[in-house]
Structures are given as structure tokens and as C-alpha cells.
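K.L.:
With the hints as constraints, model all of the structure from the sequences given.
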Amino acid sequence: MPIHVRYFASVREALGDAEQLTWPAEGAGPTVGAVLALLQARSEAHARVLDPARGLRAARNQAFCQWDDAVHDGDELAFFPPVTGG
Amino acid sequence: MSLDAWQDELPHLSVQTQDFDLGAEVARLRDGDLGVGAVASFVGTVRQWVDGQQATLVLEHYPGMTERRIAEMMAELRQRFDVRGLRVIHRVGPLGLGDQIVLVVVTSAHRGQAFAACECLMDRLKTEAPFWKKEVSPQGGQWVDAREQDAAAARRWSTSAGNDR
Numbered sequence: 053m054p055i056h057v058r059y060f061a062s063v064r065e066a067l068g069d070a071e072q073l074t075w076p077a078e079g080a081g082p083t084v085g086a087v088l089a090l091l092q093a094r095s096e097a098h099a100r101v102l103d104p105a106r107g108l109r110a111a112r113n114q115a116f117c118q119w120d121d122a123v124h125d126g127d128e129l130a131f132f133p134p135v136t137g138g
Numbered sequence: 006m007s008l009d010a011w012q013d014e015l016p017h018l019s020v021q022t023q024d025f026d027l028g029a030e031v032a033r034l035r036d037g038d039l040g041v042g043a044v045a046s047f048v049g050t051v052r053q054w055v056d057g058q059q060a061t062l063v064l065e066h067y068p069g070m071t072e073r074r075i076a077e078m079m080a081e082l083r084q085r086f087d088v089r090g091l092r093v094i095h096r097v098g099p100l101g102l103g104d105q106i107v108l109v110v111v112t113s114a115h116r117g118q119a120f121a122a123c124e125c126l127m128d129r130l131k132t133e134a135p136f137w138k139k140e141v142s143p144q145g146g147q148w149v150d151a152r153e154q155d156a157a158a159a160r161r162w163s164t165s166a167g168n169d170r
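In order, the protein sequences belong to chains A and B. Counting in my numbering, the first sequence runs from 53 upward without gaps. Counting in my numbering, the second sequence runs from 6 upward without gaps.
Calculated directly from the structure, the hints in this document are not laboratory data. It cannot be assumed that every hint is accurate.
[Said to hold, decoys possible] Derived pair list, reagent style SDA-like, types lysine to any residue, alpha-carbon separation capped at 25 Å:
#1 B/139 with A/76
#2 B/139 with A/98
#3 B/139 with A/107
#4 B/139 with A/103
#5 B/139 with B/18
#6 B/139 with A/109
#7 B/139 with A/106
P.N.:
Now the structure itself:
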């Protein structure tokens with residue numbers, strides 16, 4: 053199943069705007085945290101930048117989400133640092 | 006509150022690169038509403054950094070999610086406070102020293118509700134809407150760090166989303 057991944061701010065600068073990820077069809081459906089683990093394994097830069105210990109946040113279908121939220125076919129997942137607007 | 010009450014707020018919200026005019030926005034909000042007894046507004050501006058080196062600020066956002074998240078906060082604000090009129094403008098893109106960044110205007114019958122609603126929305130905007138500031142100087146760019154005092158300010162309103170998870 054295809055999952056659309058988007059990055060913003062410092063994460064975007066390190067990894068690019070977006071990438072695609074295909075979750076294996078067999079087995080349990082993914083969670084946001086499981087998708088993150090797959091992305092972290094893609095490169096050293098991914099592992100360094102996609103780090104919840106450094107304040108990484110996630111959104112699923114354009115709403116803030118938790119790491120254990122389920123991810124579905126065609127979802128848009130975004131990863132970014134803490135927001136600093138206003 | 007209906008699930009899509011946030012969509013009713015979209016006409017009162019602008020995320021834009023252009024500047025805005027506080028006086029014109031206040032006039033528009035007051036126009037024809039004789040029940041307004043109080044207008045509270047907040048304008049955030051680009052200030053000089055301590056070392057005086059920064060040349061510009063660049064504001065990045067997550068198009069779509071930004072509008073939805075702010076509109077949801079606006080709908081919640083109307084549930085919580087006695088708000089008559091509400092207007093929010095947040096700029097994105099490159100901004101120079103002294104430029105206006107964000108506008109919140111609230112009209113109400115009385116000042117207490119207007120002040121509180123304006124402050125509540127600003128506190129939540131800072132920690133729950135997907136914007137990111139980058140300082141750009143001749144020496145290079147630097148993403149602005151989220152501040153604990155902003156998270157603490159938002160917590161006063163007993164909400165939790167975004168940075169304060």
C-alpha cells in the first residue's frame with residue numbers, strides 16, 4: 053500500500069519535500085511509528101533528522117497524530133520539527 | 006460543535022504573502038455590528054535579534070493543514086468565549102525587519118472576553134499551527150527553536166496538540 057510522506061522545515065532541507073513508501077501487503081497494518089522506523093532505516097541522514105528525541109512531530113492526513121495511530125492506504129504522513137509560527 | 010464548523014471560519018482566515026492593514030481589518034469587522042463594545046487586536050512583527058545580525062525571516066507552512074488547524078481553533082474560540090467577530094491573518098514567505106507577521110482581531114460585547122479570546126488564539130497559534138520560522142543573515146540560515154515559554158502559555162488554556170503532546 054502506498055503512503056505519501058512529506059517533510060517540512062529543517063527535515064525538508066535534509067531529506068527533500070516528499071517521498072513515497074510502500075508498506076508490505078502481508079502482516080499487520082502500519083502505525084505512524086512503524087512507518088517512521090522504515091524511513092529512519094533509509095539513510096544516515098534519515099536516522100539523524102527523523103528523531104523523536106529531538107522533538108520530531110507528525111501529522112496524518114493534515115492533522116497532528118500520535119506514533120501509535122494506524123496508517124491507511126493512500127494516507128499522507130508529514131514529519132517536521134516543533135512549530136514556531138505566530 | 007458540528008464537526009465541520011471549522012469550514013465556516015475559512016472566510017475569516019487568510020494565510021498570505023501580502024501585508025495587511027490593521028485599521029482596515031478592524032473597520033470591516035465592526036461594520037454594521039452595533040453589538041460590539043470591545044475590539045482587541047494583536048499584531049506580531051519581525052524584531053531585531055539580540056546580536057542585530059539577522060537580515061530577514063522566512064516563514065514556511067504546511068498548506069492545507071495550516072488553514073484547517075487555525076480554522077478549528079477559531080471555531081473552538083467561539084465556543085469558549087463570547088466572540089462576535091474574528092479575523093486572523095498569518096503571513097508566509099520572506100519577511101524583513103519590522104514587517105508584520107500575524108494579525109488577530111476579536112470583537113465582543115465586553116473587553117474581558119475580547120482580551121481573553123485574542124490572547125488564547127495567539128497562544129495556540131504559536132504552538133499548534135504548522136508554521137516554521139527561519140532566520141536568514143549574511144552568515145547563513147538558522148531555524149528558530151520552539152520555546153518552552155510558548156508551550157507553557159498555550160497550556161494555560163488547557164489544550165494539547167501540536168508541540169505540546
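K.L.:
Next, verify each hint and record whether it holds.
P.N.:
Evaluated hints:
{"no.": "1", "hint": "B/139 with A/76", "verdict": "37 Å, violated"}
{"no.": "2", "hint": "B/139 with A/98", "verdict": "21 Å, holds"}
{"no.": "3", "hint": "B/139 with A/107", "verdict": "17 Å, holds"}
{"no.": "4", "hint": "B/139 with A/103", "verdict": "20 Å, holds"}
{"no.": "5", "hint": "B/139 with B/18", "verdict": "23 Å, holds"}
{"no.": "6", "hint": "B/139 with A/109", "verdict": "17 Å, holds"}
{"no.": "7", "hint": "B/139 with A/106", "verdict": "17 Å, holds"}
In the structure shown, a violation is registered for the earlier hint numbered 1 alone.
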